[in-house]
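J.: Sequence:
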Amino acid sequence: AAETGLLIGEELLKIRFLLSLSMKLREKIGEAKDAYPAFAMLTKYIKDVTEETDTLSVLDDDGRLYDNASEKLRTVRDKMREIRESIRRKGHALLNDPSISPMLQERVLTLRNGRHAFLVRQDALSTFPGIVVDRSGSGNSVYMEPHSLLRLNNDYSASRSVELHEEQRILRGLTMKKK
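In our numbering, the protein residues as written are 1 to 179.
Just so you know, these hints were derived from the structure itself, not from any lab. We put the beta carbon where it would ideally sit given N, CA and C, even for glycine. Hints are supplied without guarantee of correctness; some may be wrong.
List of simulated lysine-lysine pairs, DSS-like, C-alpha gap at most 27 angstroms [said to hold, decoys possible]:
1. Lys-47 x Lys-28
2. Lys-24 x Lys-90
3. Lys-90 x Lys-79
4. Lys-177 x Lys-90
5. Lys-72 x Lys-44
6. Lys-14 x Lys-24
7. Lys-44 x Lys-14
8. Lys-24 x Lys-47
9. Lys-47 x Lys-177
10. Lys-28 x Lys-79
11. Lys-44 x Lys-33
12. Lys-47 x Lys-33
13. Lys-14 x Lys-72
14. Lys-177 x Lys-33
15. Lys-14 x Lys-28
16. Lys-28 x Lys-44
17. Lys-177 x Lys-14
Distance ranges between label pairs, derived from CB positions [as the list claims (entries may be wrong)]:
18. His-165 x Thr-43: 37 to 43 angstroms
19. Pro-129 x Ser-57: 43 to 49 angstroms
20. Arg-169 x Ala-124: 41 to 47 angstroms
21. His-92 x Gln-168: 32 to 38 angstroms
22. Asp-48 x Leu-164: 43 to 49 angstroms
23. Asp-97 x Lys-72: 34 to 40 angstroms
24. Leu-6 x Glu-82: 27 to 33 angstroms
25. Ser-20 x Pro-129: 50 to 56 angstroms
Can you make the complete structure from the sequences, with help from the hints?
T.: See the structure below:
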């Protein structure tokens, strides 16, 4: 954090774990102070970090921010889910289109270079209604983004950028609270 000003979710998760352990230790020492009066002194040195622990509750157990970490994050993720569903529906319609499906190497809509695309046979490259976004490892087929998905892919990409920016803003804020 001193170098970059930003801790990632997994790093903040470790801090949350340590803070939780500290609070449990403080609690157990407090419970034992009647039986062991010398312990009473120790509780003075263990700070109450409930607020800090609560602040980090916006992280799930994998260190990923919950949607409700901010209103903006929730809104953009909701929008991304709607866009993905629209892409899925349009992609499914294309898979069932008798003029498109024979051109496909695989009947699967995939994410390639941040774009939803189909794996198209090399011989259908000039007839598939879309643009090349990547080549297959074998070079025998290409990943093509259908023209009908262009606007949705652009919307998804723009929303993903907003999501990443908001996640970094939140993580930076959490990092600064730890200093």
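J.: All the hints need checking, so say for each whether the structure fits it.
T.: These are the hints, each one checked on the structure:
1. With a C-alpha separation of about 14 angstroms, the suggested pair Lys-47 and Lys-28 falls inside the 27 angstroms cut-off, and the hint holds.
2. Restraint check for Lys-24 and Lys-90: the C-alpha separation of about 52 angstroms exceeds 27 angstroms, so the hint is violated.
3. For the given pair, Lys-90 sits about 17 angstroms from Lys-79 by alpha-carbon distance, which is consistent with the 27 angstroms threshold.
4. For the suggested pair Lys-177 and Lys-90, the alpha carbons sit about 44 angstroms apart, so the restraint of at most 27 angstroms is broken.
5. For the proposed pair Lys-72 and Lys-44, the alpha carbon gap of about 40 angstroms is over 27 angstroms, so the pair is violated.
6. Taking the CA atoms of Lys-14 and Lys-24, the gap is near 15 angstroms; set against the 27 angstroms cutoff, the hint holds.
7. Note on Lys-44 and Lys-14: the hinted pairing holds, with a Cα-Cα distance of about 24 angstroms set against a maximum of 27 angstroms.
8. Distance hint between Lys-24 and Lys-47 is fulfilled; the C-alpha atoms sit about 11 angstroms from each other, no more than 27 angstroms.
9. A threshold of 27 angstroms between alpha carbons decides the hint, and for Lys-47 with Lys-177 the separation of about 15 angstroms falls inside it, so the pair holds.
10. At most 27 angstroms may separate the alpha-carbon atoms for a hinted pair to count; Lys-28 and Lys-79 exceed this at roughly 45 angstroms.
11. About 12 angstroms separates the Cα atoms of Lys-44 and Lys-33, which keeps this hinted pair within 27 angstroms; it holds.
12. As the CA atoms of Lys-47 and Lys-33 are separated by approximately 16 angstroms, the hinted pair is consistent with the 27 angstroms bound.
13. Between the alpha carbons of Lys-14 and Lys-72 the distance comes to roughly 25 angstroms, so the proposed pair stays at or under 27 angstroms and holds.
14. A hinted pair counts as satisfied when its Cα atoms are at most 27 angstroms apart, and Lys-177 with Lys-33 does not qualify at roughly 31 angstroms.
15. Between Lys-14 and Lys-28, the direct Cα distance comes to roughly 21 angstroms. Compliance with the 27 angstroms bound is thereby established for this hinted pair.
16. Distance restraint check for Lys-28 and Lys-44: the Cα-Cα separation of roughly 13 angstroms lies within the 27 angstroms cut-off, and the hinted pair is therefore satisfied.
17. A threshold of 27 angstroms between alpha carbons decides the hint, and for Lys-177 with Lys-14 the separation of about 15 angstroms falls inside it, so the pair holds.
18. The supplied range of 37 to 43 angstroms is met by His-165 and Thr-43, whose beta-carbon atoms lie about 42 angstroms from each other.
19. In this structure the supplied range 43 to 49 angstroms holds for Pro-129 paired with Ser-57, their Cβ-Cβ distance being about 48 angstroms.
20. A hinted range of 41 to 47 angstroms holds for the C-beta pair Arg-169 and Ala-124, which are about 44 angstroms apart.
21. At roughly 34 angstroms, the beta carbons of His-92 and Gln-168 sit within the given window of 32 to 38 angstroms.
22. Range check, Asp-48 to Leu-164: about 34 angstroms between beta-carbon atoms, so the 43 to 49 angstroms window is missed.
23. In this structure, Asp-97 and Lys-72 meet the distance hint of 34 to 40 angstroms, their C-beta atoms being roughly 37 angstroms apart.
24. Between Leu-6 and Glu-82 the C-beta distance comes to about 29 angstroms, which sits within the given range of 27 to 33 angstroms.
25. Range check, Ser-20 to Pro-129: Cβ separation about 55 angstroms, and the 50 to 56 angstroms hint holds.
Violated hints for the displayed structure, listed by number in ascending order: 2, 4, 5, 10, 14, 22.
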